[in-house]
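Chain order of the listed sequences is W and X. The first sequence runs 0 to 329 under numbering that gives the first Met the number 0. The second sequence runs 0 to 329 under numbering that gives the first Met the number 0.
Rather than coming from a laboratory, the hints here were simulated on the basis of the structure. We treat Cβ as the ideally placed atom computed from N, Cα and C, and that holds for glycine. Do not take every clue at face value.
[Unchecked claim] A short, non-exhaustive set of chain W residues, derived as facing chain X with CB atoms under 8 Å:
#, residue
1, VAL4
2, VAL9
3, ARG93
4, LEU95
5, PRO106
6, CYS126
7, GLY182
8, SER184
9, ASP275
10, THR278
11, ILE316
12, ARG320
[As the list claims (entries may be wrong)] Below are the DSS-like pairs computed for lysine-lysine, each with C-alpha atoms no more than 25 Å apart in a straight line:
#, chain 1, residue 1, chain 2, residue 2
13, X, LYS164, W, LYS311
14, X, LYS311, W, LYS154
15, X, LYS154, X, LYS164
16, W, LYS164, X, LYS164
2 protein chains.
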Amino acid sequence: MANPVDLVEVWRGELLECVHQGHAVICDDTGEIVNAWGDPAAQIFPRSSCKMIQALPLLESGAGAHLTQEQLALSCASHQGAAIHTDRVGAWLRDLGLTDADFRCGPQVPGDQDARHALIRAQAEPCQIHNNCSGKHAGFLTLNKHLGGGADYEKIDHPVQQMGKAAFEETTGETSPAFGIDGCSAPNHACTVHGLARAMAFFASAHDRSDLRSTAALKLRTAMMAYPELVAGETRACTDLMRAMNGRAAIKTGADGVFVAIVPEKRIGVALKIRDGATRASECVIAAILVSLGVLDPNHPAAIARMTPTLKNWRGITVGRVQPAAALRV
Amino acid sequence: MANPVDLVEVWRGELLECVHQGHAVICDDTGEIVNAWGDPAAQIFPRSSCKMIQALPLLESGAGAHLTQEQLALSCASHQGAAIHTDRVGAWLRDLGLTDADFRCGPQVPGDQDARHALIRAQAEPCQIHNNCSGKHAGFLTLNKHLGGGADYEKIDHPVQQMGKAAFEETTGETSPAFGIDGCSAPNHACTVHGLARAMAFFASAHDRSDLRSTAALKLRTAMMAYPELVAGETRACTDLMRAMNGRAAIKTGADGVFVAIVPEKRIGVALKIRDGATRASECVIAAILVSLGVLDPNHPAAIARMTPTLKNWRGITVGRVQPAAALRV
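Assemble the whole structure, with the sequences as input and the hints as a guide.
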């Protein structure tokens, strides 16, 4: 088992102020490792980076056959609770004949500034629809209605979650050794960084196959790339980088330093985990890898803002920079 | 030169999800290391953890002879812009015959929720007085008025900053190899973790000496412990832990994973740096070290909340925990 390696450096003036270590794997559609940093066998929680896997049963079951591309993008989203997200999830809930109280994701203050300030000005509390996972949960509720399952759709032994677990283990090619409860109360299954990259390569090569799961994977990755603003939101890395790549890759962040990428033209999947959980580092590494794969222009402002951002202080003065560590600069 | 060591673990369910590495030093008043983790010679930026050092010239010069304990606590503070902070800094500014425009720290959205929401409801922008460093800058302005210096008191070659650098090098016992520009635009000088702990031991043993600098150090550490709510604010680690220790230690956080402690009864100084910059880790480590030194009750709610906090999700369900790594559990 290899150690994590230095992946990201944070400089202030001429001193290296912080370092982020981690693991990353680039995997092809046969499941073989193309390139790796650190330990491909490290066990991680994918967190929200595996939402497109969790959404597979929604389509495979037929429950989501009527859903729009926008709804499919939201089912894979960690959105920031902006009006473009909550309006669509709200309409979806009404289509299901359900209300905010049927969610099990919990209320979350929206990341979107306009939505957050509107709540504060109205002296209102956030609802469950504002939770960044409410699109995923609308997908769970859609599947659950189709199955006729109980209201506790987030429980590990509920059919919705058991179907999600099967899809997860089959696409990662691994038996998950453990699960944790995610921020949104859904189970999150552990896998290796290699396994997560393997699952992404399954999505990346889905257009080569016509089986039910591959068809579902193709629909989901296509929806993510068609509506990058629904997968995250304005100013967010997933949205900005997918827009910059213009259909050449689907990417997804996960809490505590996870990021994945699906690169259809190369039938390649990418997964990475920053050991300390820092988002500034996971964003830097995914951008560096996408540049190295030739699908992200290193000169695009969105690439620069994530891969080699400058650090500015409260007066807007540049005081430092983030950059990929030597292992990623080759 | 030793490598950083694992200091903090973050568990979700039964899987170790994140690890934070770093360096820590406990130093006595002769400058000798009592205990250390990682590399005592690692060069770091202390960031806001050295504000009590930066405030020494304010008292040594005589400029701050008239200041209250509250003002001295604010001069060492990274406050959260609550009314208790901005009211006092505002009055201080008026005493100086100056206005918000004389600050060079830059405007910052206050960390205090009431203050932040009040600005949002008023559709108002934050001012420089809301900057977490405005107390330190009020101290700089007080010293500058005494010196009759130019308005650009934050510049590296300004007498205010040159006096600060001398105090920093003399208390750390090191020639600083580099400086960076901090979030508040003031220079921040690099030192080793050992050097920073040595400076804290100087503060911790100040009551043994009667020289000008030691007298200043004693006044500052006493003010910090007398007004813990002015050094940070409600819900913050510095405030909560200093209250829990009830005068047995002064502590101070710094951005990007730094924390220091001054323990007068043991004439001991502590300094630590989390390599990745995570605050959740620096708080855990400082609490663990203070417990090990016998000045923080491990069963106090404030100690538990920083050293072994549970992680709760959006529905309030416990999903994981933070804990000191093995190296700190001995």
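Results of checking the hints against the structure:
{"no.": "1", "hint": "VAL4", "verdict": "violated (13 Å)"}
{"no.": "2", "hint": "VAL9", "verdict": "holds (7 Å)"}
{"no.": "3", "hint": "ARG93", "verdict": "violated (22 Å)"}
{"no.": "4", "hint": "LEU95", "verdict": "violated (20 Å)"}
{"no.": "5", "hint": "PRO106", "verdict": "holds (6 Å)"}
{"no.": "6", "hint": "CYS126", "verdict": "violated (11 Å)"}
{"no.": "7", "hint": "GLY182", "verdict": "holds (5 Å)"}
{"no.": "8", "hint": "SER184", "verdict": "holds (5 Å)"}
{"no.": "9", "hint": "ASP275", "verdict": "holds (4 Å)"}
{"no.": "10", "hint": "THR278", "verdict": "violated (11 Å)"}
{"no.": "11", "hint": "ILE316", "verdict": "holds (6 Å)"}
{"no.": "12", "hint": "ARG320", "verdict": "violated (11 Å)"}
{"no.": "13", "hint": "LYS164/X with LYS311/W", "verdict": "holds (23 Å)"}
{"no.": "14", "hint": "LYS311/X with LYS154/W", "verdict": "holds (17 Å)"}
{"no.": "15", "hint": "LYS154/X with LYS164/X", "verdict": "holds (12 Å)"}
{"no.": "16", "hint": "LYS164/W with LYS164/X", "verdict": "violated (58 Å)"}
The structure does not agree with the numbered hints 1, 3, 4, 6, 10, 12 and 16 stated previously, though it agrees with the rest.
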